[in-house]
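Colleague: So the chains spell out like this:
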Amino acid sequence: MNPQRKRIPKIEPFKHRVEVDPKFFDKSWKKLDDAIREIYNHNASGLSFEELYRTAYNMVLHKHGGRLYDKLAENLKGHLREMGKLVEAAQGGLFLEELQRRWADHIKALQMIRDILMYMDRTFIPSSKKTPVFEHGLELWRDIVVRSPKIHGRLVDTLLELIHRERMGEMINRGLMRNTTKMLMELGSSVYQDDFERPFLEVSASFYSGESQQCIERCDCGEYLKNAEKRLAEESERVSLYMDAKTADKIANVVDKEMLSIHMQRLFLMENSGLVNMLINDKHEDLTRMYDLFKRVPDGHSTIRSLMASHVKETGKILVTDPERLRDPVDFVQRLLNEKDKYDEIVSVSFSNDKTFQNALNASFEHFINLNNRSPEFISLYVDDKLRKGVKGAANEEDIETVLDKVMMLFRYLQEKDVFEKYYKQHLAKRLLSGKTSSDEAERNMLVKLKTECGYQFTSKLESMFTDLKTSQDTMQSFYANLSGDSDGPTISVQILTTGSWPTQPCATCNLPPEILGVSELFRAHYLGTHNGRRLTWQTNMGNADIKATFGDRKHELNVSTYQMCVLMLFNSTDTLTYKEIEQNTAIPPVDLKRCLQSLACVKGKNVLRKEPMSKDISDSDAFHFNDKFSSKLVKVKIGTVVAQKESEPEKQETRHRVEEDRKPQIEAAIVRIMKSRRVLDHNSIVTEVTKQLQARFLPNPVVIKKRIESLIEREFLERDKVDRKLYRYLA
Amino acid sequence: MSQHIGHLLTSGKRTDITFEVDEEMFPAHKVVLAARSPVFRAQLFGPMKDKNMKCIKIEDMEAPVFKALLHFMYWDELPNIEELTGLNTTWVSTLMAQHLLAAADRYALERLKLLSELKLCEDVAINTVANTLALAEQHHCHQLKTVCLKFVASPENLKAVMQTEGFDYLQQSCPSLLTELLEYVAKVGDHAVPPCLYSNEVLDGGDANGRRVKPRL
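Protein chains in written order, with UniProt numbering: chain B, 1 to 732; chain P, 1 to 217.
Careful, some of the hints might be misleading.
The list that follows gives simulated cross-link-like pairs (lysine-lysine, BS3-like), each with its CA atoms no further than 25 angstroms apart [to be verified]:
| no. | chain 1 | residue 1 | chain 2 | residue 2 |
| --- | --- | --- | --- | --- |
| 1 | B | K108 | P | K49 |
| 2 | B | K355 | B | K389 |
| 3 | B | K15 | P | K150 |
| 4 | P | K150 | B | K63 |
| 5 | P | K13 | P | K30 |
Since the hints were made in silico from the structure, they are not lab data.
Small disclaimer: the values here were computed from a predicted structure and weren't measured.
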């Protein structure tokens, strides 16, 4: 260590050396030139950074920056040309490797050169607007090596050939591929795109065009899709392993187009394996694959959707119009439910619960369910069946709940919800009055669902039916509490129905047996005593009775309808009666009477009466005898239960007629409401508005609407405009 | 933080490189130098570095200048000139600032360059301005250059500056500067013209403030 002498340092005013040596530039450049050569010869370790940096620094300081830059460019070009020759000379498989090696050398050299010439980069380059050293070095590499005519074509061809081989199943050197594409990316994204990506995509397109053509001849739809999926995965992996990430989407688009988009129609419509086949056979895995693959294909999903929708509509149409099916309403609806379940599952499993698919499905169901105008009736019958018998195998309320929810889905598809309402009321009345409902809670549940769906008005009458029964129970209790004296007579249980809430039945005549008359009058008196201003009418076409009957030495308890009771009681006084006598005595209308007698005499196992002659039909000249030979295994015998049946043709007409009648006032009310708020409106708009307002209940017929308008005009609610015949005005 | 790093220098502990400047030895820490200067980073850690480098010889620099440079790199402030040189004159501090400017440019220490530039702007004087001007030109310090040119061009200073040794140096090293200087002198001359030269005649030009005057008709 030198002893630190306290010397006074001499500071001179700062002067850079003035260079007078004319050879200054050349000498300095020579140092750099030699150094660069050593660098390219992997001989850099002997060089002194300090000296080289200072040399370059001095050159720039003495305003030789421009010349230095040009000399450097020349120098680099020379080295690059040499390297280019080496690459060109490489044979076959070694071509890429040689290219890589030279590239790595060049990069390393450039880094060192950049460091040495840092002063020029910082001070000369910005003012002269030239490209910095490193970037310039890359440009020169690009122009002299990569894009040299002898190398460029070979480079692209080699890369594409390797990719092709890999696609055909060979293993290739992926590391080398990655380094090469990385090099292209470092030279600039336009180099990568123009020199590699574009040709790659073109070649890929023709490859997949050929592949798809071959595949579609050989394979069925499912196999083809599996192959397409495999290829897509392969390409994605390829990109991630040795290409720029931005290529991923582009190649995926190419594969999508060549393999999927172009052949889409043919694939979907393939016989025995296409979309329809998959739907029919619940091929969930294939459907899922199809859905995923066609996500990106233009119109892919919409085509699947519309094919599915039309298929559902077709199969649905067959279902609802098949005369075989129409025989059993419960089975009819069950099939609909099964169909719905099947497609719901497909949509949820294979189509990821895609809302657009669900909507298409709903539209299809709505379409075909309404093709059969008995659908509302059948659905009501189905509910009736379930509420009577309970759901098979279900011990708890839950499963009934599920079934009802599913039925509600079908209900939503109905366009004529008011028809459903009518039938439901009928069926509910029968259930309630015969006490044949399996679960009160389930009934209430159903009502709640209907109320949620359609609003209070829909269910208010139905609810009052329940209320009536409850009230009736209370009334019966108070009646018997107040009844003093003979509890000898037959016990009655009265259900008081509010007119209007229950389905209207025409009231028929009927003579009740005297035993009944007595107690029923007592009841009437009791009721009218507590309720002022009301009127009670016995509905003899409903109701049932339990009769104790003795046949020889056998005692049975018969459960019969009111009419049947009236008939049977007559045989207390005699064993034989003719038809005419029965008719006279009971005053029951002939149609009902005949039916009643049929059930008493002509049904095997239930023939408490014997008919003469033993024919099926009842004629006016028939005679009936008490059948003391009647026997049954059961003590309690049910005769003539009032089961809700699918309506006969005339009944159906009747109901439909009533529905149409009910609709008229609703349409009129809608028209008046609309006109009141709009004051003046043209015909078409009225029709549109009315339809909109009423569509929750039913689809109004434009002809009917027109008729209603004319009726309203007659009644001076509306008037026609004098000038424009299509315009209507509201009259206050 | 500069305290902590600064103390590293004064303590001289754990140094891993030594610089030989003008026969004086300066130990230092590679990491600190590389962190402060891209040139040192390339030299000490870049692809050109020598693996067994222990001592680097630096030429074309004075020892006190290098010491000041080190001081700046560790303490991020200009050193006390008196401590460095034992002298305390404006002249010395100006000279030191000149050297530091060149050194800062060479080693890519932008802030040091700026500080030196500012100091030179403040201390511009007849006996140093010529050298400073040459320096500013070579190292692209525009603000400093303008300040110097203005200073030299002003009539009070011009003659005196032309007498200095620095001016000869200026002529030799940067001849183009003289042309620029002439332009500045001319401008100054413009402003010194007495107002009586301007009359009420229609002139196509501006008044003394350079504003266009509306011709009086």
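Colleague: Now tell me if each hint is right for this structure.
Modeller: Quick rundown of the hints versus the structure:
1. B:K108 <-> P:K49: holds, 13 angstroms
2. B:K355 <-> B:K389: Roughly 36 angstroms separates the two Cα atoms, so the pair is violated.
3. B:K15 <-> P:K150: With Cα atoms ~21 angstroms apart, B:K15 and P:K150 stay inside 25 angstroms; holds.
4. P:K150 <-> B:K63: Roughly 24 angstroms separates the two Cα atoms, so the pair holds.
5. P:K13 <-> P:K30: With Cα atoms ~12 angstroms apart, P:K13 and P:K30 stay inside 25 angstroms; holds.
Taken one by one, the earlier hints fail for this structure only at number 2.
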